[in-house]
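Sequences are here, hints too, so could you generate the full structure?
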Amino acid sequence: MLKDFFGKRKKYASIPSEQAKADVPEGLMQKCSGCHKIYYRKEMNKNLQVCPNCGYHHPLQAWDRIDTLFDDDTFEEWDQALTTGNPLAFPGYEEKVEKDQKKTGLNEGVVTGKGTIDGQATAFAVMDSSFRMGSMGSVIGEKIARAVENARVEGIPFIIFTASGGARMQEGLLSLMQMSKTAIAIKRFSESGGLMISVMTHPTTGGVSASFASIGDYNFAEPGALIGFAGRRIIEQTIREKLPDDFQTAEFQLKHGQLDKVVNRLEMKEVLSLLLKFHQKGGNEK
Amino acid sequence: MKQVLEFEKPIVNLKEKIAELKRFTKDSEIDLSEEISTLEKRLAVLEADIYGNLKPWDRVQLARHAERPTTLDYIDKLFEDFIEFHGDRLFGDDEAIVAGIAYYKDKPVTVIGHQRGKDTKENIRRNFGMPHPEGYRKALRHMKQAEKFSRPIICFIDTKGAYPGKAAEERGQSEAIARNLMEMAGLTVPVICIVIGEGGSGGALALGVGDQIHMLENSTYSVISPEGAASILWKDSAYAQRAAETMKITAYDLKKLNVIDNIIPEPKGGAHRDLDQQAAYLDEVLEKSLQSLMQYSVDQLLEQRWEKYKQIGEYKTVQ
Chain A
1 MLKDFFGKRK KYASIPSEQA KADVPEGLMQ KCSGCHKIYY RKEMNKNLQV
51 CPNCGYHHPL QAWDRIDTLF DDDTFEEWDQ ALTTGNPLAF PGYEEKVEKD
101 QKKTGLNEGV VTGKGTIDGQ ATAFAVMDSS FRMGSMGSVI GEKIARAVEN
151 ARVEGIPFII FTASGGARMQ EGLLSLMQMS KTAIAIKRFS ESGGLMISVM
201 THPTTGGVSA SFASIGDYNF AEPGALIGFA GRRIIEQTIR EKLPDDFQTA
251 EFQLKHGQLD KVVNRLEMKE VLSLLLKFHQ KGGNEK
Chain B
1 MKQVLEFEKP IVNLKEKIAE LKRFTKDSEI DLSEEISTLE KRLAVLEADI
51 YGNLKPWDRV QLARHAERPT TLDYIDKLFE DFIEFHGDRL FGDDEAIVAG
101 IAYYKDKPVT VIGHQRGKDT KENIRRNFGM PHPEGYRKAL RHMKQAEKFS
151 RPIICFIDTK GAYPGKAAEE RGQSEAIARN LMEMAGLTVP VICIVIGEGG
201 SGGALALGVG DQIHMLENST YSVISPEGAA SILWKDSAYA QRAAETMKIT
251 AYDLKKLNVI DNIIPEPKGG AHRDLDQQAA YLDEVLEKSL QSLMQYSVDQ
301 LLEQRWEKYK QIGEYKTVQ
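These protein sequences, in sequence, are chains A and B. The first sequence runs 1 to 286 under full-length UniProt numbering. The second sequence runs 1 to 319 under full-length UniProt numbering.
The reader is advised that the hints may include incorrect statements.
[Claimed, not checked] BS3-like cross-link-like pairs, simulated, lysine-lysine; straight-line CA separation at most 27 Å:
#1 B:256 - A:96
#2 A:103 - B:316
#3 B:235 - A:102
#4 B:166 - A:242
#5 B:316 - A:99
#6 B:235 - A:242
#7 B:166 - A:255
#8 A:99 - B:235
#9 B:166 - B:235
#10 B:166 - A:261
#11 B:235 - A:96
#12 B:316 - A:102
#13 A:242 - B:160
#14 B:144 - B:288
#15 B:288 - B:107
#16 B:107 - B:77
#17 A:46 - A:31
#18 B:107 - A:96
Since the hints were derived computationally from the structure, they do not count as laboratory data.
Okay, structure coming up:
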């Protein structure tokens, strides 16, 4: 029919041939996940994986994140050798962890340690969502609790970058209990007058959002980060209603009073540095 | 009519048969006492076998049993002069959590617990025992008050989880739970947590940071429901039974993992079979638990709490 002719829609998807794929060298170019514009990966990296066009914040691996924040050669990593056991004898768990260890070069989904930001010493923990979706098991809980405890003993601030899908199912209740373990460590640190800054990056959900991520003295987030307790699908099924597109974004949480500030990655170091300066021990004058 | 669980059916069937034979004996004057006694012996063996070898999934069913005693049932049996207080002073009153003060063995205590409904109407009012942030904030308000007036805190845990709803997210479900974990960590009074039914993930934990954690024999405590775990692991919630085993969610499993302090026994067939007996079992553990905690100074209490949680987890060191 004529109508069909004019209303012709594409009813197929084009899959690039192996030949076409090979035309672009692996990793040279990068398509923005936000606006789909194509950039040289080098250019994107230089911009800290923030799209120069639309400002989309791509995930950063833990060590790349650390590079963007700390003064050169000031990192000292803590507890690098900690790795998970298999407390529930969960089928296939060790293989999955090993696979991600190879993929990421990390022993677990968080890097902890201390370094300086513009000369100001601080303890830190940076989660990496490419390791088992940043899910929190015994090792992540232990490393974070130890880092907070070290910060308390050394009398330095603690900064955490969260990126996690929640508790790690394969460790059962032990993973849930890491929420309380880290919370107690943070409470002790806080009582001693320690400064804690939490920066939620994409995604920060479930047990991580419902523990250390939300109890910093200051809670920040990167633009567009998904932040929330329950998953969108679960909520939609429960309340039988479609949720707005911006539901559980950093901007949504800001609007609902759950965040102090949404901070662009390109300004992160500057903001953190200033905040550390405000809280320097022994004289707060500018 | 009592709700009959799948694994109990052989017992119920046998009981019905015995009752039938007894009726028959009475009506027809034929003596069947020998047959009846044989069957009764068989029933005893069967009960011991079934109730003595409950599988994790059976316990999940018992923990969720519609007639299972709730927080208010235990408050009624174990405490005196309970006064319930309402509201978080910020948004509203969440009836999925009850909180108040009462006497326990003549000493004032603060009691807080998740509260399921007994019927559909009450369940709607109490949101099936699934709290919103205001429920957790109400609980925290009472914990802080307990601290001010030096009252020990007893928390009953019984929830499928924190409510996964739009409003709950908008009002900061994550923050409410996280805040409770952190504040409970620093409470200067003894905190005793008892899982009486389902301990569902973060929503349970938000009342669950204490000096001692006890579980009823047929209660469960898990990071995700068996159905949820099954649908993620095997893409099919029908494998929930298997997940209940793999996830190690029973009191016995968690005692082995060193997460809980005591397993509180249940009457044969579960807590709902005999509330008085259940309350007595609970009373015994609660009294001992409280006595042991009351002897510590605040510093000792806080140090022990930290030590208790610090050791939870399993990891190794690579070269």
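Outcome of the hint check:
1. Simply put, residue 256 of chain B and residue 96 of chain A have alpha-carbon atoms about 25 Å apart, close enough for the 27 Å limit, and the pair holds.
2. A distance of roughly 20 Å separates the Cα atoms of residue 103 of chain A and residue 316 of chain B; the hinted pair therefore holds under the 27 Å criterion.
3. For the suggested pair residue 235 of chain B and residue 102 of chain A, the alpha carbons sit about 26 Å apart, so the restraint of at most 27 Å is met.
4. About 10 Å separates the Cα atoms of residue 166 of chain B and residue 242 of chain A, which keeps this hinted pair within 27 Å; it holds.
5. Between residue 316 of chain B and residue 99 of chain A, the direct Cα distance comes to roughly 17 Å. Compliance with the 27 Å bound is thereby established for this hinted pair.
6. A threshold of 27 Å between alpha carbons decides the hint, and for residue 235 of chain B with residue 242 of chain A the separation of about 23 Å falls inside it, so the pair holds.
7. Simply put, residue 166 of chain B and residue 255 of chain A have alpha-carbon atoms about 14 Å apart, close enough for the 27 Å limit, and the pair holds.
8. Of the pairs offered as hints, the one joining residue 99 of chain A and residue 235 of chain B holds, with about 21 Å between alpha carbons and a cut-off of 27 Å not exceeded.
9. Pair hint residue 166 of chain B plus residue 235 of chain B holds up; C-alpha atoms about 25 Å apart against a cutoff of 27 Å.
10. This hinted pair checks out: residue 166 of chain B and residue 261 of chain A have alpha carbons roughly 22 Å apart, not beyond 27 Å.
11. Of the pairs offered as hints, the one joining residue 235 of chain B and residue 96 of chain A holds, with about 17 Å between alpha carbons and a cut-off of 27 Å not exceeded.
12. Of the supplied pair hints, the one linking residue 316 of chain B and residue 102 of chain A holds, its CA atoms being roughly 18 Å apart against a limit of 27 Å.
13. With a C-alpha separation of about 23 Å, the suggested pairing of residue 242 of chain A with residue 160 of chain B holds against the 27 Å cut-off.
14. For the hint pairing residue 144 of chain B with residue 288 of chain B, the CA-to-CA distance comes to about 24 Å; that is within 27 Å, so the pair holds.
15. For the given pair, residue 288 of chain B sits about 14 Å from residue 107 of chain B by alpha-carbon distance, which is consistent with the 27 Å threshold.
16. The suggested pairing of residue 107 of chain B with residue 77 of chain B holds, with an alpha-carbon distance near 15 Å, which does not exceed 27 Å.
17. Between the alpha carbons of residue 46 of chain A and residue 31 of chain A the distance comes to roughly 15 Å, so the proposed pair stays at or under 27 Å and holds.
18. Proximity of residue 107 of chain B to residue 96 of chain A is assessed by CA-CA distance (about 52 Å); at most 27 Å being required, the pair is judged violated.
Hint violations for this structure: number 18 only, all remaining hints satisfied.
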